[in-house]
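Got two chains here, each in a separate frame; can you build the complex from them with the hints?
Heads up: the sequence lines are chains S and H, in that order.
Going by the working numbering, the letters in the first sequence line up with residues 1 to 507, in that order.
Going by the working numbering, the letters in the second sequence line up with residues 1 to 768, in that order.
Worth flagging that the hints you see were computed from the coordinates, not collected in a lab.
Please note that a few of the clues may not be correct.
Here are the computed lysine to any residue pairs in the SDA-like style, where the Cα-Cα straight-line distance is at most 25 Å [claimed, not checked]: (1) H:K40 / S:V307; (2) H:K57 / S:D283; (3) S:K95 / H:S46; (4) H:K360 / H:N415; (5) H:K40 / S:E106; (6) H:K44 / S:T123; (7) H:K44 / S:D173; (8) S:K491 / H:M37; (9) H:K40 / S:N113; (10) H:K44 / S:A104; (11) H:K57 / S:P250; (12) S:K95 / H:V767; (13) H:K40 / S:T169; (14) H:K57 / S:D173; (15) H:K40 / S:E358; (16) H:K588 / H:G453; (17) H:K57 / S:T252; (18) H:K40 / S:G105; (19) H:K57 / S:G245; (20) H:K40 / S:V92; (21) H:K57 / S:A483; (22) H:K44 / S:L167; (23) S:K434 / S:D283; (24) H:K57 / S:V385; (25) H:K44 / S:V385; (26) H:K57 / S:Q241; (27) H:K40 / S:G100; (28) H:K44 / S:V307; (29) H:K40 / S:A483; (30) H:K57 / S:E358; (31) H:K40 / S:A104; (32) H:K40 / S:R108; (33) H:K44 / S:A168.
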Amino acid sequence: MKNQAKTDFMKKTIFSLILIFGMTATAGLAQSRYFSSQSLGMGGGGTAYVDGYQANFINPANLMLDIHRPKTTIGLANVGVNAGGTLANIAVYNKYLTTGQLIAGETRTNMLNEWFGENSANTRRLGATVSVSPFGISHRRSNQAFSLASRVRVTEDMTVNKGMAELATYGLDADRFSEPTPINFSSNTVAFAEISVGYARHIMNLPDLLFAKDIKLYGGIAPKYLYGVYAADVAFNSTLQMTRGDGSSPFTIDHQFNYNIKTIGELSRQLQAYEVAYNLDNDAVLEDYVNYGGDDIGEAQATGFGVDLGATLEMDVSSLPVPLFFNANKTLRVSMSITDLGSLSYDQSASSVFADGEFSYQGAQDEDSFNDFFDNLSDSLQNDVYGRFTSEEIDAVEYNLPSMYNFGASLEMGKLLVALDYGVGFNNEGINSKRSVLTLGSQYRVLGFIPIRVGTKLGGNASAAYSAGIGLDFSFLELSVGAATVANSIKNGSSTGVAWSGLVVRF
Amino acid sequence: MAVSLKSQQSNLQSVMQNYKPIFIWLIIGAMLSACEMPGKPDFKTSHRVEAPILYNKTFQFMGEGNGVLIDTTSADLDSLFSVDGDNFISISTEQEFDFGDLNDALPEVSVDPSSFNSAVGEIELGSFSSGGDNLGTATFEELTGFNSVDYLEGTTLPGSGGQTPPHNIDIGDNADYFVSAVIKSGALEITITNDLGFDIDVIYLDLKSGTTPVNPIATTINNVAHGTTASGTISFDNFDNGDILEDINLDVSLEWSEHETKADPNELIVESAEGVDLFASEVEAVIESQDFATNSVTAIDDSEFIFEDPSHYLEVESGDLQIDEIINNIDVTIEKMVISFPRIRVAPFGEGDSLVVEYKVSESTEIERNGIAPARQIDLSGYRIFANNNQIEYNILAQTENTQTGSGAEARVINESDQVSSSVSINNLIIGEALGRLVPQTVLLSDDDPNNGIDELDLFNENEVELSEIDGLGDLSNQLEGIEFTAALLSLNYTTTIGVPTMVYGAFLGVNGKGESVYLTGINGSEHVVSSQISGLKNNGVEIPKEDLLKFEIDPSSNSGSIVFDSTNTNVKDFMNNLPSEIRFIGKAVVNEGDDVGTVSNPIEIEPKMSVSLPLAFRTTEEATFTDTTEQDLGDFPSTENGDNRRITEGIITVNYDNGLPLNVALKIDFMDSQFNSFETLDMDNLEAAGIDENGFVNAPAMNRTLAISLNEQQLNQLYKTRYLQISAGLLSTDSDGSGFGNEVKVRTTDFLRLTLNTDFTIESEVN
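Isolated chain H (complex conformation) (with noise of 0.2 Å):
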């Protein structure tokens, strides 16, 4: 048994022996074989995503930031709507018209160039001799024929026994003022004083000039006692015009009677001679200074403007007056010389703040003795022109120097006919401001452009047309069809500087971002008809029928007004229900086109404000339609036909709301590929309108409704093609009475729509 044990154990160990590498490569191989490996993913998950999107959202209908459903402070709309106090809504905008100036409208007036011519007129000559000394002297003996030894004091005197003969003194060479005149007019006063020793009762004095007697008698002086002065004057009134009086010299005689002598003898002294309201028309002498004047007239252009009243005036913006040389033909100096307009006057206007030009010594402008004075210009900016009758007075006053003293001191030859000359012109004038008539004016309310014609204005020359772009408007007329706003109101605000009645002649035309045009007209038997044609008012080259034109008067009497243009003068009911985008403007101001008196200023402007007022008060008298395109590409969007591994296979969004606002909203969502081609249509149910009252007010919002879009896989699959949404809003406006017919209503701010979001989408995903 042993054995056959050993013997067994011995094969056995010889098996194993033999076999042993076998044995050990199978458990290797088996225990390999054992182990695990992860095999390919090959999979799909079914995830499903549920979540709340919006709990309790309630959006107001319009308002600043978030939670609005019309922003006011987006861009396009932050100056689009207007709030009542009711919270009642108004579209409104107020745009601004650029009529640039009217100058165009202000007189231009031209002035006459006027020449002047001042002549110094007859000379008036005074003192004969500068006084330092008598003219001249006779003694005793020469009068009396006595010896004065005879007839010292306390000698009588016999009586002269009547005139005695005459004594000549020539008084000419002491008098340095005077060489010759040609006298006109005047008299010569003589002084005399006696120093003889005795009274006399006459002395006779017979003035000469060379040997001619001025005067065929001779002058008296009456009782002269010794030791005192007396005087004589001696008229030229028979001096012939033009006789020249020079070398003066006095025959002089006495007539006394006896007495007792009161001095010793002595002489009888011509102390001066001194002219007395004498002139001359010429004159060789040293002569006082002499005052000259004239005045002259300028004439105003009245062809745009004219002075009726001694009110009237024309106030310069700019221009200037220019006194052209003033030439001297006078051997004196003009030491000065006034040139003033009395009607030309700066501020306040007053008679004393008249125009005055003045050349002067005190400011080394005198004009020199034969002489020029330089050109002046004087700037008129400010003045006004009082120019009754359309013209202009001036008037000149000179004043010649005083030959007599300074360094000029001589005898100058002067003629009553020399004279200063120069000439006045109004130049580049431009009025500021204008009072009178003014002759009626037509003038452009935009820029000329030459291009299509002078004076044409076209409204569809971009050059030409004032353009009023209402922002938020265009996207409403792309949007919106079939809304009726009820009470829509357009009105142009200005403000204007014209002072006179103007009257403008128009074309409105409105544009809605479609391209459809309405004008702006009045409708019959309004002042806003216009009732002849206007020429030069054209639309893309034609010109515009006066049926389509509009007017509208620029009241004077006050620096700002408002023109309304509502449904009971025109047709701005059609023209805001076209949603204009754009306004088109051209038109034509007649000024003054009932030739009335009147105030224009420079600038002549009025400055108009378009204001659009579109109440949100509508009615539907069929569904409205508001329709907007979105680029939206989904094309990220798992689709099994785009070969996405993932695919949504359900998707709902559950809608509980509360409507707030008088409109009942079918909403459609039309998903468009690249062509704009739509490919899935989806219909909702509708929101339900909130009732309203009997003035269009929301009173009864639809309370807790709920809905619910849904989306099957089919549909889902589609939407990766989605590259742009249109989003379609049937609007009904509340239908309060049953009638099948939207009523007019009227939103406000505080209409709301309150919502609440829940999306629950299913979504499979492959994975291999």
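Pulled out of the complex, with its shape left as it was, chain S reads as follows (with noise of 0.2 Å):
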């Protein structure tokens, strides 16, 4: 009686954490975790329950898991866009941005502390990651499985500081900018393509545990090749300040910056000729020399390995007194992954651009004429001031792929599925971040093919999130839908995401 007092406690202890999170439960979408259609419905997890090819990227070991479907799968024209960060802050935007006040005075002051905090250094941040998985297939035996399957990634990161947003909404007021203020931007951009080749196999059973029956532990590990097609990282620090000055000093405007540009490939050619020419003349103009027009992507920049590996622990526990599912087979299953080991070296052409000045002005003094000067400032600053760098060969750009640590746990009650994922990155590369993710979600399948999918998500690199996915999912063939945004940026940003399965047929 006493053991089932228990029982009960726990089941209802276990509902209830499961509601809470289902209801209350936040988390930044914003980590770099592969996303499915699925998945990203399910708030952004899939550590215990992502399978078939698409296991290749999240947990390897989940190739072996049979959640009532055919052995072998095939995947064509799999999509996820994934962007957010705390510089898409729509609480603050909807605050200020969209009721028709004069962001002036006090208002921009709050504006701008809400959006970046106090201090002028504080920076947002936004990243944005394009996946897509052309082709996987990937086929599951009784002990083992196989898999191949690729996928093309495009990510974008780039943050700025309140400085630059002080500039852009004050404007050269010297009063705001009496003082040195920090005026800074970056931006890394990284494009890249991979084959991964997956195996997972069943590394042993274990004996029955308390509630836990047919307990299977599954290994598995993808190796994938990687191909670099672009990468460029700027950073760009500065100090501005304005001095008005009086009858004995002028009004001056002090500018101190410097800056780092790593690129390769044609743009890397093009600013050490722009270089080259500019040491010959001053008079040459960077426009002339430096037109990327993109025509080297798709070429090989960069050529690397990572591996994703994992292992799953799924067990019955059809015994669990789940409410609503009193009946119902039970799976759970617990995993852990580590994604994306591994890093790329973009060695085509990599150089190194940076510059380290002071633009100090004070009005026209020697131009060529009052007026030309004015007319040419823009481009005096382009050439003249930031055109004025020193590049270098480098021997690469190196580019860490954004690995993560990932901790799930999924429950598969009939035509439910609840999941629960923890995952921290290893690094901040793109929209990766070293902040822990806690994603919870739910998938429903009316009629049994329809499945109906809810998450959320907190922490990552933005605010909580919610997501919700549609689709038909027969057993040999799917085809869904999901989609995520924040509930409130105000902390930590916004973020959103959509996903499409593609094509997807089992056989």
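Here it is in structure tokens:
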């Protein structure tokens, strides 16, 4: 009786936790975990339930999962887009920029403080990843499974600081910029493709444990070949100070800056050519030399290897008294995986462009003519101030894959699937974040083939997000979509994501 | 209790089972409704743009390149200003007038054609034979009547006892050079050799033409020893003019004394017959070369040019001397003929440099007997004609062939009146230079358009007027009012080739950018006043009165000169303060008005350069206004009236300056629409003038002054209508004595204006 009571309590507790997480838990979405239409719709997890060839990218051990589906899966044109970050603060945006207010004075101060915080050096971030998996195939056997999958990722990650936002909203205001104010931004862009070969096997059966029966442990690994297409890193740091002066000192705009651009290929060569030309002739114009047309996109700018690996513990927990699903078969899966281990070296014509200078402007002095100076001011800044840089060839632009540790658990109860995931990035590459992320999602199969998915996420590089998904999921065919956005971006910004399963065929 | 619990659990399960889909949809709905969605942007921004435009930018008043108020290297101004050693500036420009040549003043002279006839004249006879053999002989027996065998050498010959009877010797047959002649004067020398073997005391010679003795008394030759030769001269003094000498023969008689013979007897020989100053009016003979000469004169027209002195001349630029065909009606060839013109000379124009025309054998230009020599044309370019009293003399000298030699050796019939004839003319004469007395000429100083009358010039006939445009002054006259330049000067610098005094009568009309015009005229008492009407100078068809004309003299003593029109002799101050953008000139020149001797050259040119000097020494008796309207399309300027979602709510330009110019500047800007209607005026504070010294030069710049130009939102909101900006600067020269009027000030290149400009604009943008 006591045990029964404990069991009931445990059931209630678990159910309550599921509900609590389902109703209130928030989690950042913009973590660099692979997302399918199913996992995005369920909050962005998937460590313990994404199967088929897509398991290569989140937990290769899941190749062994048998979720009432045929053994062979072929997928075409899976697409997912994910963007977000602390810069995409929809809450502040809606509060100040959709109500017709004049952004000046105290209103402007409050807006910027809410967006960026008090300190002008504070930065906010916006990242986006487009992930396309053109083709994938997996085959599961009794004790092992195999897969082959391809994937293309384009990731952009940028940051700006509050000083830059102040410059944009105040203008050249000598009152605001009376003290040196940092004005910084950075951008990181990377594009690469990968071909992943997955292997998983049934490692062992474990003895029954408490309410769990038929416990199985799967292990999987998916090494992958990486093919870099494009990479560019830009970091610009500066200060701006304006001094009005008086009768004895001039009105002065001081701008100290340094920047560094690491890039490869055609753009790298163009920048180096401009530097050579500028050193020969100060009248060289940047745009005459730098006009990147992307002609080299598609060429192999880098190659490398990576690996995803994971393990899944699967058990029958049908004995758990879950409300609404008392009589349903229940399967609990607990998984761990480490994804995107590896790096890329973009070494084709890699260069680092950097400058460290000071632009002090007190008005036109000895320019060719009064009018010409203002006509050419922007050109002068471009060519003679920022354009006066040094470039040097470097071995490579290094890019570490957005590695993550993922932990997940899923409970399948008849037509209902609930899942919990925890993840943390090993780095901040792209939309990856060292900030932990917790996701909770559920899926219910209406009529057995219409999956209704909801989920939420908390943590990562954005505010809490909600997600949902729907589609058709027959055992032999799947077409589904998923989408996500945040509930309140006031603290950590917004994010949004969409995913389409593509065409998934099983047989 | 357990049943109850189980029952409750079963009920709950039943309820939840029944409402499971509802729960699920509620969960989904709650989650989706909590999603945050961005709203439509709707906000306004207020940006401030504060920026320094200029910092301590010093603009020198004038100089080259940037950093100057007046860039003297700009296209319109590059030759407008000049600067003296003290950096004092003058607007100065030099414009050329093109009078063209004044060759109408060159004399046009014509030369009368002149014919000449040169007769061969009386003919001189020389040797009567070619000398190959004697003319005749007489034997011992024919002359003495003795038998020669009896008087061999050493035999005593008895005396003749007086003159022996004459013996005739026919010399005509052996005189191969002579046929006949009508003797006019002279004598014939007969040479005889005594080979008779004895000495002769007297030889008597009696020459006869046929049977007619030439003289009534025989010619004697005394004491002719054996073996010697002697001559006797037979005069034709008794030979009547017109008598013909022909078929000549000699009657010879002797006289000797008794003496021993010197040799065996032989003959008396007539060796030769030679004319001694023997002239005939007509001959049939084989004659030697004959010389004959003549001279002639041709006249030069004196209606425009007079040679008063042997040194006066016309130098021919082009023209030719024509010698027509020379007709030779003499039966001998003129082997050489020289026609000389001693007063037509080539450089260096000495006597030995005269023009000589020759016909001669060596050049195959001899004149054949009874023949014609072709006409000759001689280019006279570069020759000078020293035609004293307007006469050109020339000489003809001819030499005939010697008919005693050569292939034409034969007897010819020549009469002393036989002649060669031709004519001489000088044609197409263009004078390059003339020294002499030039008859006064009036010439136009520009092209004459016949459409408005011959010899009439109009200031506004563009084909006739000399138009001088002064770049830069046009803009100034359009833009500047009220400034009085105090030291204006206009001068005419010229170079000329004319060598005689020339007076120019003309009209100078200065027209400014507004079409206002002022004549340049002499002031009373000056040498530039025109006292009598000059006809043919018009302004739009109306005769210009003499009071509006100006005269000046071109000095012939030098190849260049300068005529200065200043305020002491002309109204140049009024003329230049009108700030003419163009100066129109028409005029006539009276060349050698005093009928003096002088030199004129082709081309006769006067090349004047009009030099304008307008020193920047000026004063403003009242505020002068400089106005400039510029196209300035501010259609892109933000305005809520224009439907823009941006507007400038405030604009301030702060000016900090040092004014080193002797000008107080009150600036006003009118913003005008496309119809030039002013809809907004911006009055600004004055730029304070610099202080000046007693000479008018700046000595105390206004330092570290500040003024602000402020535009409020209402003004800024109107600016989008702007299509033109009219900038008016009220200029007042430094009022150093506080009189309320500007003093005379002088501007130097080094005068300056230093500016520091800061802007402060607030821009409000609406996004929705």
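Tested hints:
no.: 1; hint: H:K40 / S:V307; verdict: violated, 44 Å
no.: 2; hint: H:K57 / S:D283; verdict: holds, 24 Å
no.: 3; hint: S:K95 / H:S46; verdict: holds, 17 Å
no.: 4; hint: H:K360 / H:N415; verdict: holds, 23 Å
no.: 5; hint: H:K40 / S:E106; verdict: holds, 22 Å
no.: 6; hint: H:K44 / S:T123; verdict: holds, 24 Å
no.: 7; hint: H:K44 / S:D173; verdict: holds, 17 Å
no.: 8; hint: S:K491 / H:M37; verdict: holds, 15 Å
no.: 9; hint: H:K40 / S:N113; verdict: holds, 22 Å
no.: 10; hint: H:K44 / S:A104; verdict: holds, 8 Å
no.: 11; hint: H:K57 / S:P250; verdict: holds, 12 Å
no.: 12; hint: S:K95 / H:V767; verdict: holds, 15 Å
no.: 13; hint: H:K40 / S:T169; verdict: holds, 19 Å
no.: 14; hint: H:K57 / S:D173; verdict: holds, 23 Å
no.: 15; hint: H:K40 / S:E358; verdict: violated, 40 Å
no.: 16; hint: H:K588 / H:G453; verdict: holds, 15 Å
no.: 17; hint: H:K57 / S:T252; verdict: holds, 15 Å
no.: 18; hint: H:K40 / S:G105; verdict: holds, 23 Å
no.: 19; hint: H:K57 / S:G245; verdict: holds, 16 Å
no.: 20; hint: H:K40 / S:V92; verdict: holds, 13 Å
no.: 21; hint: H:K57 / S:A483; verdict: violated, 61 Å
no.: 22; hint: H:K44 / S:L167; verdict: holds, 15 Å
no.: 23; hint: S:K434 / S:D283; verdict: violated, 46 Å
no.: 24; hint: H:K57 / S:V385; verdict: holds, 22 Å
no.: 25; hint: H:K44 / S:V385; verdict: violated, 32 Å
no.: 26; hint: H:K57 / S:Q241; verdict: holds, 23 Å
no.: 27; hint: H:K40 / S:G100; verdict: holds, 10 Å
no.: 28; hint: H:K44 / S:V307; verdict: violated, 50 Å
no.: 29; hint: H:K40 / S:A483; verdict: holds, 21 Å
no.: 30; hint: H:K57 / S:E358; verdict: holds, 22 Å
no.: 31; hint: H:K40 / S:A104; verdict: holds, 20 Å
no.: 32; hint: H:K40 / S:R108; verdict: holds, 19 Å
no.: 33; hint: H:K44 / S:A168; verdict: holds, 13 Å
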